[in-house]
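Asker: Protein chains in written order, with the numbering used here: chain X, 34 to 456; chain G, 34 to 456; chain R, 34 to 456; chain B, 34 to 456.
Source of the hints: derived by calculation from the structure; they are not laboratory data. Bear in mind the structure is a predicted one, so any value in this text is a computation, not a measurement. Please note that a few of the clues may not be correct.
If several chains are the same, the list does not tell them apart, and a pair holds so long as it fits within one copy or across any two.
[To be verified] Pairs of lysine-lysine residues, derived as DSS-like cross-links and limited to a Cα-Cα distance of at most 30 Å, are as follows:
id, residue 1, residue 2
1, Lys408, Lys253
2, Lys438, Lys227
3, Lys200, Lys62
4, Lys438, Lys253
5, Lys192, Lys316
6, Lys163, Lys62
7, Lys438, Lys316
8, Lys318, Lys359
9, Lys359, Lys227
10, Lys192, Lys123
11, Lys359, Lys346
12, Lys163, Lys253
13, Lys188, Lys318
14, Lys72, Lys346
15, Lys192, Lys346
16, Lys188, Lys61
17, Lys273, Lys62
18, Lys163, Lys61
19, Lys72, Lys408
20, Lys188, Lys62
21, Lys192, Lys438
22, Lys192, Lys176
23, Lys176, Lys188
24, Lys176, Lys227
There are 4 protein chains.
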Amino acid sequence: MLNFTRTAPMGWNSWDCWGAAVTEDTVKKNADFIAQNLKQYGWEYVVVDIQWYEPTAENHEYHPFAELSMDGHSRLIPAENRFPSSADGKGFTALADYIHSLGLKFGIHIMRGIPRQAVHRNTTIADSDKTARMIAKTDSICKWNTDMYGVDTTKDGAKAYYDSIFKLYAEWGVDFIKCDDIARELPECEEELKMISEAVNNCGREMVLSLSPGPAPLEKAEFFKQVSNMWRITDDFWDKWELLYGMFERAEKWSVHTGAGHWPDADMLPVGAILQDYGPDGKTKFTEEEQKTMITLWSIFRSPLFIGGDLTKCDDITLKLLTNSKILAMHRNSRDSHQVWRREINGVEHILWKANNIDGGIYVAIFNVGEADSKIEINLRDLEIPAGQSCTELWSGLKAPINEKISVRLAPHGAKVFKLINN
Amino acid sequence: MLNFTRTAPMGWNSWDCWGAAVTEDTVKKNADFIAQNLKQYGWEYVVVDIQWYEPTAENHEYHPFAELSMDGHSRLIPAENRFPSSADGKGFTALADYIHSLGLKFGIHIMRGIPRQAVHRNTTIADSDKTARMIAKTDSICKWNTDMYGVDTTKDGAKAYYDSIFKLYAEWGVDFIKCDDIARELPECEEELKMISEAVNNCGREMVLSLSPGPAPLEKAEFFKQVSNMWRITDDFWDKWELLYGMFERAEKWSVHTGAGHWPDADMLPVGAILQDYGPDGKTKFTEEEQKTMITLWSIFRSPLFIGGDLTKCDDITLKLLTNSKILAMHRNSRDSHQVWRREINGVEHILWKANNIDGGIYVAIFNVGEADSKIEINLRDLEIPAGQSCTELWSGLKAPINEKISVRLAPHGAKVFKLINN
Amino acid sequence: MLNFTRTAPMGWNSWDCWGAAVTEDTVKKNADFIAQNLKQYGWEYVVVDIQWYEPTAENHEYHPFAELSMDGHSRLIPAENRFPSSADGKGFTALADYIHSLGLKFGIHIMRGIPRQAVHRNTTIADSDKTARMIAKTDSICKWNTDMYGVDTTKDGAKAYYDSIFKLYAEWGVDFIKCDDIARELPECEEELKMISEAVNNCGREMVLSLSPGPAPLEKAEFFKQVSNMWRITDDFWDKWELLYGMFERAEKWSVHTGAGHWPDADMLPVGAILQDYGPDGKTKFTEEEQKTMITLWSIFRSPLFIGGDLTKCDDITLKLLTNSKILAMHRNSRDSHQVWRREINGVEHILWKANNIDGGIYVAIFNVGEADSKIEINLRDLEIPAGQSCTELWSGLKAPINEKISVRLAPHGAKVFKLINN
Amino acid sequence: MLNFTRTAPMGWNSWDCWGAAVTEDTVKKNADFIAQNLKQYGWEYVVVDIQWYEPTAENHEYHPFAELSMDGHSRLIPAENRFPSSADGKGFTALADYIHSLGLKFGIHIMRGIPRQAVHRNTTIADSDKTARMIAKTDSICKWNTDMYGVDTTKDGAKAYYDSIFKLYAEWGVDFIKCDDIARELPECEEELKMISEAVNNCGREMVLSLSPGPAPLEKAEFFKQVSNMWRITDDFWDKWELLYGMFERAEKWSVHTGAGHWPDADMLPVGAILQDYGPDGKTKFTEEEQKTMITLWSIFRSPLFIGGDLTKCDDITLKLLTNSKILAMHRNSRDSHQVWRREINGVEHILWKANNIDGGIYVAIFNVGEADSKIEINLRDLEIPAGQSCTELWSGLKAPINEKISVRLAPHGAKVFKLINN
């Protein structure tokens with residue numbers, strides 16, 4: 034895979050709040066906010082999620098077998114009623130230009146495969162004498178959406194089709210592809226994923242290739258590293274403690290596979306104003322402590338960071354959580370991150386992670402994942418950290434007094450993270 | 034299930050020789066042969082197998098996403114180029130009439146579900162205000178054929194659709210339905226199967242409901258007995274010894290579930306002139322010994338018996354195998370059939386089955402499933418058969434001398450079957 | 034296996050009431066009762082269960098690593114304090130003689146293997162220059178009793194040991210061996226079981242070989258039939274409805290393997306005065322209905338029948354249950370027994386079994402295994418039973434009026450069983 | 034666990050060469066060699082492996098049920114014929130003193146449990162009124178050795194027994210316990226392991242607790258870290274490429290669990306003069322390349338390092354492999370070791386590991402685990418290593434020229450390992 038994502042991508046994605054129904058106007062407003070408030074902290078990608086080609090999409094539910102906006106060559110195009118600038122076959126060009134003009138990057142979601150309606154109408158494939166019906170994989174469908182058939186990579190025309198869509202996206206100015214119905218479908222979709230990866234590499238424009246949905250199979254880690262830039266390690270993540278609790282184990286297992294250009298992805302951050310239970314707008318159900326825990330874990334693990342909330346309603350607390358420079362420096366510059374232990378201390382389960390900064394500093398994150406307040410001591414010698422360190426807690430910015438031990442008080446579901454520097 | 038199949042159905046099916054491409058003319062010629070030569074032995078059903086609605090079908094391969102013949106209400110109808118008498122919307126009426134005029138019964142194959150082309154065109158459902166798109170089950174497809182989507186039984190219109198197709202078949206005069214893509218798809222398709230079963234029961238005409246493909250899951254035996262008349266216990270059966278050898282274990286496991294109205298089905302008999310390896314016409318690859326073994330097992334197990342060969346090319350040997358009155362009496366009148374043992378004797382594997390005739394006679398079938406000639410002795414006392422019996426071997430018609438033991442010589446892959454009668 | 038058990042063995046066993054601690058006096062008293070009251074109905078074997086060689090045994094609990102009574106050749110012998118007639122090395126000779134004098138047969142329980150104390154003391158093996166230590170299988174122990182090590186059949190001396198113990202038992206006059214820690218230990222113990230089976234066959238006296246504990250693995254059915262006369266299909270069976278309910282499925286699966294000389298064994302009947310929960314003496318917790326259900330199932334399935342109760346306290350109801358001639362004729366003379374169906378009828382689960390009598394009669398047993406009274410109709414045609422039968426219910430002795438159907442009322446956990454005879 | 038093993042233990046073990054039969058003289062000679070040649074490089078522990086209490090032990094095979102040397106309190110003691118200094122109940126005191134006098138540490142192997150002979154003789158437990166029979170776990174034996182029964186930790190006397198043996202070992206001067214039949218026996222032996230761990234902690238002398246055999250279950254990693262200092266992640270390791278090849282995957286999975294005081298153990302190094310195939314003495318079958326690969330992997334993974342060879346026959350090449358200061362510094366001072374990738378390059382499988390030195394240096398180890406020579410380039414940026422490094426290959430000592438890439442030539446089964454230091 035082209036390997037230009039030297040740090041884990043950061044940005045915003047429309048799914049959590051608008052499901053299949055986001056509009057051009059909403060995307061632009063969120064992009065405006067990012068440009069004004071978040072860009073300087075590294076937040077960069079603005080991603081339009083699923084079914085931008087479905088004119089009647091209303092929310093997170095899909096309309097089975099809906100008519101989709103499609104060009105004459107079996108390629109889906111933006112629904113004009115939702116993305117007015119796409120009129121006259123211009124696709125996402127104008128929206129991408131707008132995003133780029135803000136100094137940001139533009140991403141879109143796609144489903145693996147070729148539209149079923151193209152297959153049943155037997156429409157043509159660009160720059161090819163083959164048709165959609167000839168390349169569809171007959172037994173390959175998405176289990177939760179009826180838009181596409183899989184593509185049979187052994188068929189003539191398959192490569193032409195995939196090349197043709199990424200060429201179109203390159204023309205539009207797309208910088209990021211979130212390809213869905215693929216990451217957890219290995220090994221069945223392995224050949225199709227390879228073909229997609231090569232088409233992205235060859236399309237003439239640098240694009241991040243992000244894979245969904247999770248959980249991706251761990252035993253395919255090396256393969257994911259070679260064909261993509263990021264891949265989901267979890268099913269959709271929402272603002273529920275059980276899901277956050279479960280992410281610790283996923284992160285532990287995937288941590289050795291994180292590095293330049295290849296990022297196991299813990300999914301969007303449901304922070305700020307987000308849809309709850311697919312219901313009316315509201316605030317994240319995570320407490321502030323839980324949000325710190327989440328951001329700490331995502332950052333020390335170096336997951337991609339994508340905001341799921343509606344930024345036009347972003348409050349000060351949320352903004353502060355997303356713009357902690359020290360935390361984001363850990364996300365950017367840490368190395369060799371891994372869980373050190375997970376154990377009950379005085380009846381409360383705790384988890385400890387460690388990472389190194391390229392500046393020689395050492396990060397120690399400690400999580401209380403139990404249901405009671407706790408006070409614990411961390412023995413630096415047990416962590417193989419040399420004595421004689423200064424120590425700052427990153428969320429509070431406070432210097433911690435240390436000798437050989439750090440004393441930490443934690444609320445339930447809470448986290449603290451220290452940076453230790455040699456004097 | 035309506036329970037009128039007091040003995041296991043017997044007949045002929047077009048699949049083995051013509052795949053998806055049988056024509057009206059061929060069906061009639063085979064029916065003629067049955068009426069003249071086989072009817073008096075109990076052979077009765079003439080079944081048109083898969084894709085009679087596909088105008089371009091050529092052989093055993095399916096054309097992905099082919100255009101299908103369909104009426105205005107999402108119902109498939111015979112391809113007029115292959116079944117000329119179906120012109121002008123008459124469906125199979127004329128062909129069924131012809132078969133009935135020969136004193137035979139008429140059957141057709143269907144795929145579970147509703148045509149994908151109906152769903153994508155969103156055509157109507159007869160006697161309903163719903164459309165095809167509303168009742169398709171979005172994640173339910175056949176793994177090996179692209180004609181249909183499954184039907185979501187929780188949706189309004191689902192029952193109306195299934196009622197409408199069986200009403201049409203009843204109008205045509207159909208006596209036998211072989212419903213495919215369903216028997217081994219339990220438990221996923223359990224509700225859909227129940228809906229089909231009820232629709233058959235309520236269509237106003239007695240129809241045998243036969244389920245494919247196998248292997249049906251054994252743990253659902255009781256369910257199959259209640260919703261169908263026969264169901265496949267094996268994947269497609271062809272003229273290969275390994276498949277015949279494997280059928281012994283399947284028959285052993287299913288034997289207790291055989292009885293009036295519910296028949297585990299060991300699939301068609303590839304006898305006489307049949308397609309080999311999907312290639313040019315030829316003879317079955319089974320030896321005569323193997324064919325006797327097959328017919329003996331199918332008959333003592335009381336599987337449905339359907340001929341797979343082209344009867345217009347039926348030779349004398351084949352005809353003789355299919356018209357042994359004693360064997361067919363066992364098929365019709367035996368009860369309590371079961372395997373008694375399976376063991377190596379002098380290094381050769383043998384299998385012994387036992388059944389009772391309602392006339393008080395006892396059947397003992399002995400199979401040499403090894404690769405060497407054998408001579409074995411069967412001790413009647415070990416089989417709990419009282420002394421003082423007369424004994425006839427059914428294939429040869431010879432009386433066997435017995436005291437307490439029957440001596441049997443068997444060729445490899447060979448079988449003998451005895452009827453013992455109290456003096 | 035020597036094949037003289039033409040009907041499934043019947044008798045009494047000491048385990049349910051006395052655990053590891055039965056005494057000679059108790060055995061004789063129970064034998065006396067059998068001779069006087071049960072012998073004429075076919076009850077025949079009197080079996081001394083586990084640890085007759087353990088002087089300190091008190092109840093159903095074993096004493097780990099207890100000192101065992103053993104002869105000079107590594108063979109266990111009766112504990113003299115519990116079996117006084119065994120003094121002076123006479124073993125079970127006198128007790129066997131006594132049982133024989135009553136016209137009954139004598140059985141003992143053994144554990145697979147060689148005593149651990151023999152191995153650690155390295156004592157000799159009779160008629161061999163090998164010692165116990167040389168033949169013990171180093172990794173083979175019973176999981177629930179510390180008496181023995183398994184025997185390594187690949188070692189010289191192994192056959193000599195097993196021959197020597199059965200030779201001793203033959204000298205004592207033993208007619209029945211219940212060999213424990215073996216039936217569910219296949220395939221690990223397969224070779225040891227073969228060696229035991231051959232030693233029994235060659236010991237010079239006819240002995241039934243019965244295997245424990247269950248559940249024996251179904252896939253080894255054919256093997257069990259060849260090396261033993263009966264084998265347990267269940268773990269220890271007690272007077273609890275859940276266990277009785279569970280036996281229906283076990284019996285269904287094993288029914289095809291029942292026949293002359295080889296009997297899947299549903300374990301002792303906890304009837305009459307039995308130990309409850311290993312506590313003080315008392316009555317069976319089964320209701321009379323449940324006991325009829327149990328005896329009906331055991332009898333139509335043709336399980337061996339062994340009484341677990343203390344016969345010296347046998348009451349009239351129990352005696353009547355054990356001496357129903359019609360039921361016991363079904364146990365003795367039925368053939369081809371199998372479950373026909375198992376289904377809910379009006380919300381109550383029912384099970385139906387069918388079998389044939391060698392006199393031409395047909396048995397139909399119907400069980401209500403639910404929790405409500407029920408009234409159901411049995412359609413004879415569905416059971417493939419010819420019309421024109423007379424019909425007697427075996428427990429009540431009442432003639433049932435039939436046309437094409439039998440009407441049956443059943444209490445929860447209740448059973449009725451009919452014999453139908455052609456007029 | 035007492036946590037004094039700040040670096041992974043290093044030493045020598047008698048098993049590979051002498052199996053169950055090592056003698057005092059041999060141990061002393063090997064210790065002498067270590068003191069003279071290896072001590073200054075960190076090699077420290079001298080470990081007497083299994084069955085030092087078995088007077089008749091001859092080689093790697095165990096004598097089933099052999100008589101063991103035991104004191105009056107159910108505790109095994111050295112076989113006097115093999116360890117003459119243990120005469121008069123002195124145990125290992127004199128041998129430990131000798132080892133200590135060389136500046137080295139002394140270790141012994143034990144089997145989990147209590148001697149079977151103690152149980153069958155029912156001998157006493159020191160400082161307790163209980164006996165061996167009372168604490169043996171009745172269903173707990175080692176699958177490959179007959180010396181012991183497991184101890185039932187729920188029984189009174191169990192703790193007293195374990196305390197008594199470690200108290201004895203402390204008196205002898207033991208510094209290291211290799212406890213066998215336990216690491217892969219979790220979860221069954223979890224309670225017994227806890228009891229052993231506590232007894233070691235409370236015995237009054239610092240002892241490393243090492244667990245065997247492997248593979249230890251990965252899901253118990255956190256538990257092992259808390260109750261022991263090292264535990265085997267593999268079954269016995271010998272000089273076969275397949276085993277070395279397989280260790281890469283084991284090391285990858287366990288790497289995050291390595292740290293101060295808790296060391297996943299890849300087993301002894303079969304280097305120099307070792308027994309091959311349990312046959313006559315000879316040289317390791319590993320090539321020099323393979324030995325470097327092995328030592329590189331063990332060292333960057335920070336496995337404990339124990340020499341399996343007969344040091345009295347140590348040749349120069351072997352000595353050089355064991356005394357490379359740079360490699361041993363990596364073993365001692367690296368942190369955060371983990372596999373970075375494993376992939377085919379030009380058809381040859383390669384594996385890359387990375388670790389950090391506490392001095393700020395970065396280790397990169399690259400292995401050719403295929404069957405052909407290879408030449409590859411390592412892009413430092415892909416490894417997230419900053420530019421501007423100097424680079425030394427540790428086995429050759431050569432400086433490597435680097436810009437952004439390191440070029441490496443590797444023989445099949447070969448390894449190179451670089452230390453990169455910021456200029």
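Asker: Quick check: which numbered hints come out false for this structure?
Answerer: Violated hints: 5, 6, 7, 9, 12, 13, 15, 16, 18, 19, 20, 21; rest satisfied.
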